[in-house]
Amino acid sequence: MKHLTNLKLKVWRQDGPDTVGKFETHVVESVSDEASFLEMLDQLNEKLIGENKDAIVFDHDCREGICGTCSLMINGRAHGPQRATTTCQLHMRTFSSGDEIVIEPWRAAAFPIIKDLMVDRASFDRIIESGGFITSPTGGAPDANLIPVPKPVSDAAMDSAACIGCGACVAACPNGAANLFTGAKIAHLSVLPQGQAERFKRAEAMVNSMDDQFGSCTNHGECSAACPKEISLDVIALMNSDFRKSKSKNRKQLSRG
Amino acid sequence: MAKTQQTLTKAGKSLAPRQPVTGTALSVRKKRSFIADIYSTAIGKKYAMAISGIALMGFVLFHMIGNLKMYLGAAELDHYAEFLKELLYPLAPKGAVLWILRGGLLAMLALHLHAAWSLTILNHQARPVKYQSPRDYEVANFASRTMRYSGMIVLSFLIWHLLDLTFGVVNTVGTDNTFVKGEVYANVVRSLDRWPVAVFYILANLLLGIHLRHGAWSIFQSLGWNNPRFNSWRWSFATVFALVVVIGNISFPIAVLAGIVKL
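So the sequence lines, in the order shown, correspond to chains P and A. Each residue of the first sequence is one higher than the one before, starting from 1 at the first, in this note's numbering. Each residue of the second sequence is one higher than the one before, starting from 258 at the first, in this note's numbering.
Simulated from the structure, these hints should not be mistaken for lab results. C-beta atoms are modelled at their ideal positions from N, C-alpha and C, and glycine is treated no differently. Accuracy of the hints is not assured; some may be wrong.
[Claimed, not checked] If you want the footprint, here are the derived chain P segments under chain A, 3+ residues with CB under 8 angstroms:
| no. | region |
| --- | --- |
| 1 | 136-144 |
| 2 | 211-218 |
[Stated by the list, open to error] Which chain A residues stay away from chain P? Per the calculated CB distances, all over 10 angstroms, these:
| no. | residue |
| --- | --- |
| 3 | 330 |
| 4 | 332 |
| 5 | 336 |
| 6 | 351 |
| 7 | 380 |
| 8 | 386 |
| 9 | 411 |
| 10 | 436 |
| 11 | 456 |
| 12 | 490 |
Model the full assembly from the supplied sequences, consistent with the hints where possible.
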């Protein structure tokens, strides 16, 4: 186990949503290269608390890359320099001793800063609430394999369902657009047979909700590059075509495919 | 509202302050006609960008192909210009079809500009506080990040180009100080013989190529034309299209400067 020494952190500090924030510089004298990025921040926070200062507030939960709670813009990249990796799974071995590391919160009108590096991502919940579901009766579990789903279809649905809703796509997008997130959530359901009944209603509602809160897509591809789950830009094309069809499809003939 | 609560405002709409999200998901949308309804959304404006883009791409391609006639000599090019005025004559009156095409192109250009303008405003509102540290872009390239600027420069070039070779307003300082309506070949040579003009044409066309490469690819995404079997063709199409247009177009000022095309 090696140690990294003398890391200079420039961390964004902001007391609340409406206050003016600024960068604050902290030095981490020594940290294990096996520590995760968040563990490094924990270590710094323990020191700050020991000095009777406010700890740096940041989002985290599962710390195993599956919950989508952690965020952080690290050196100008969402979730840091490593591809397909959430901040909690980013390890200090990615950096070297003496590095300056700049840490900023996600920035978007729809993601107001709560404090320091923590942002409110309720905008995503609004998009999901508007249509990110299927309606099915509760009760006894249906028999398995009652509805045949071709393997490529279930794989495609799973690829989209891998989205953990962390918001890196919005953070990385030069336009603050949520097309990758919304596209993934639409694609996840609308490629499956179970999602067909509400397919066009869903596309329309979720796109409208996204439109109210986020910017628009200019096809840079930054979202997909920043995505810890490597969601493909294909979901955006699928959303665009489903949204177009939602405007013209005769709803009385939905079952005709 | 308490001072500590944040009100989100984007596109003039007030979103709810921070609170449980239930019941806040959908804003009420106005009833509009089909086209207006689609165009009122960001994705609809992207359709408009794509469709008007296709029309404008068709124009630049056929404009370039038509101009290749200059390599066949003055008579051929001037005759081609005359033919454009007589499109579909005698089915339609002389000039009618040309003016319909011009009108369509102007409408498409206006649509392209309006969509770009309103999407730019939307995007700025989506991130009112910029990142305070430098961004490290992974895949966003020069073309995609300069679409607005390359578009603006190409637009100003287009205006100058019309003043130069359609209206003949700025084409009076050439070798023999004349612009003669109908003498297309001679006018082109007289204009492009001035090296600053030729350089401007070349630079503007390189920017047009950069704009076209990102735009031609984006069309497929914006319109939702995505199929794993053909996806790799999309970049190839965009690259080849941009190259064909740019190489064709910049060959004209180079040919004039090199004396291959001369009076």
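Status of each hint after checking the structure:
Figure legend: the region 136-144 of chain P, annotated as covered by chain A; annotation inconsistent (0 residues with Cβ-Cβ distances under 8 angstroms, at least 3 required). Only when three residues or more bring their CB closer than 8 angstroms to a CB of chain A does the claim for the region 211-218 of chain P stand; here the count is 8, and the claim holds. The beta carbon of residue 330 (chain A) sits about 43 angstroms from the closest Cβ of chain P, which is more than 10 angstroms, so the claim that it is off the interface holds. Listed as outside the interface, residue 332 (chain A) is consistent with that label: its C-beta sits roughly 45 angstroms from the nearest C-beta of chain P, beyond the 10 angstroms cut-off.
No beta-carbon of chain P is positioned within 10 angstroms of the beta-carbon of residue 336 (chain A); the least distance is around 41 angstroms. Even its closest Cβ contact with chain P, about 39 angstroms, leaves residue 351 (chain A) beyond 10 angstroms, as expected for a residue assigned away from the interface. Listed as a non-interface residue, residue 380 (chain A) fails to keep its Cβ farther than 10 angstroms from every Cβ of chain P; the least gap is roughly 4 angstroms. Chain P draws residue 386 (chain A) into its interface by the beta-carbon criterion, the shortest separation being 6 angstroms against a cut-off of 10 angstroms.
Its beta-carbon lying about 17 angstroms from the closest one in chain P, residue 411 (chain A) satisfies the requirement of being farther than 10 angstroms from that chain. With a least CB separation of 40 angstroms from chain P, residue 436 (chain A) remains clear of the 10 angstroms interface cut-off, as annotated. Residue placement check: residue 456 (chain A) keeps its beta carbon more than 10 angstroms from all beta carbons of chain P (closest about 30 angstroms). With a least beta-carbon separation of about 14 angstroms from chain P, residue 490 (chain A) lies farther than 10 angstroms from that chain, consistent with its non-interface assignment.
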